[in-house]
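If you're matching them up, the sequences are chains A and B in order. The first sequence maps to residues 1 to 187 in full-length UniProt numbering. The second sequence maps to residues 1 to 178 in full-length UniProt numbering.
Note that these hints are calculated values from the structure, not bench results. Since the structure is predicted, the reported quantities are computational estimates derived from the model, not experimental observations. Check each hint, because a few of them may be wrong.
[Said to hold, decoys possible] With a straight-line Cα cutoff of 25 Å, these simulated DMTMM-like cross-link-like pairs (lysine to aspartate or glutamate) come out: (1) A:Lys90 <-> A:Asp123; (2) A:Lys8 <-> B:Glu137; (3) A:Lys6 <-> B:Glu137; (4) B:Lys97 <-> B:Glu39; (5) A:Lys152 <-> B:Glu132; (6) B:Lys74 <-> A:Glu55; (7) B:Lys100 <-> B:Glu137; (8) A:Lys94 <-> A:Asp50.
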Amino acid sequence: MFVLTKFKHEVRVAPQKLSLPLLEALTGEIQTLFFDKVIKDVGLCITLYDVRAIEGGFVFPGDGAPRFTVDFQLVMFRPFIGEVITGKLKRCDKTGLYVSLQFFEDIHIPEHLLQQPSVFDEDEKLWIWNFNGNDMFMDLEEEVRFRVVQVKYPTIPTEQDKGAKPFAPMEIIGDINADGLGLVSWW
Amino acid sequence: MRGTPSVTMFTSKCLFPQRSEMEKRISLTQGLEMRTCIESNAGLLSNFEVLELLRQRGAAKGPLGGSITPSEYKVYEYLVETPAGTQTKEVLQEFVKEVKSFKLMEAERLQSVNLRPSTAVEVHLIVEDCDERLSSEAVDALIQTVERVIPSPPEKPQEEVEAGQEEDGGEEEEEDGE
C-alpha cells in the first residue's frame, strides 16, 4: 500500500522562517509543498520519511530567500496491482461501488467487476449479490475487501461542467469478483 | 571566497552581466523548477511502519496537538483500526523469521502482515497460485503462525461490530430512499 520514494527538490525558505533550525524550516516547506498531494505516476504523498542531504543555500539576486537543494524520501500511497485492501463502502449507484479508505476516497468498483451475478436494487439503491439463491446485500458503511486492478492518473480537464463531480487526480479501480473478496462479513 | 558564484553576484559587475554570466543565471533559474523524483520505488513499507512513523510525528495527540497535518491524521485513524494497530517491531521481525519456510514472495509477506489472514480463503487471496505452491497443511500452518505471532487486531467482539454496522447500514438506506 505504501511505498518509499526518493526526491530531490530545490526548496525556498522564506526569510521569516530563517529563525527556526534549518531542518525544521525545510520540513515545514516540504510539508506544505507535498503532503496530501498527488504526483502523477508516483502516487499520493502521505508523509516525510527522512531528509538525506541538504545542499546549497544560495540567495539569488532579486529574491530575498535562500534556496536549498534537499534530498529526501517521502512515503507515498501507491498500491501495487493485485494488492488486497480493506475499505468502507461509501456510496453505490448503477455504475458500481465507491469505497473509501478515509484518507483516500476515489476507489471505484465497476459493475462488471462485482460478484457474478449481481443486480442493482432500484428501491433500496443497493447492490445485491445473488449467491445460490440467497440475496446478499452490499450495505453502506460495511467493510469491503477488494483487489486493485488499475491505478489511473487522469489528465486535468481544461473545462468542467457545473454539476460535474470534483476532479480526482488519482483513481483506483477495484475488483471483488473472487472468493474472499467483497464484504468482510460474508467470509 | 573570491571567485565563488555567490560573491560575484554581489559585485557591481552583476548589474551589467556579461554573456557567460547571464547564461549561468538562466540555467540557475531553470533549476528552480526542479522537482525530480530520483527513485519512485525505494522500497515497500508495511502499514505498521507508516503507523510508527506517524506516531513519532505526534499523531496520538490528534491533529491539533502534535505537529501533524490533518491529512496525516486521517491516515493514522485508518491504520490504527487495521491489524497494524497492535503490531510491534519485535512481532514483525519474528514473523519474517517464522514464515521463511513457506517461501513467500516479498509482496505476499507484506500482505500477510498488513491483512493478518485468519482463514484459508484469505491466504488464497494473498498468495498467488496458492494451490500449486502450498499444500492445505501448509496453508493451515501459515494461518497458525499468523495467529500465534501477530496479535489480533484492535476490534470489538465480532458480533457487536456486525450488529452496529447493520444498524448503521439500515439508517443509510432509509436516508437514500427519501
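Structure-based check of all given hints:
1. A:Lys90 <-> A:Asp123: Distance ~18 Å between lysine 90 of chain A and aspartate 123 of chain A Cα, so the pair holds.
2. A:Lys8 <-> B:Glu137: violated, 49 Å
3. A:Lys6 <-> B:Glu137: violated, 42 Å
4. B:Lys97 <-> B:Glu39: violated, 29 Å
5. A:Lys152 <-> B:Glu132: violated, 32 Å
6. B:Lys74 <-> A:Glu55: The given pair, whose Cα atoms are some 33 Å apart, is violated under the 25 Å limit.
7. B:Lys100 <-> B:Glu137: holds, 16 Å
8. A:Lys94 <-> A:Asp50: violated, 44 Å
Hints 2, 3, 4, 5, 6 and 8 from the earlier list are contradicted by this structure; the remaining hints agree with it.
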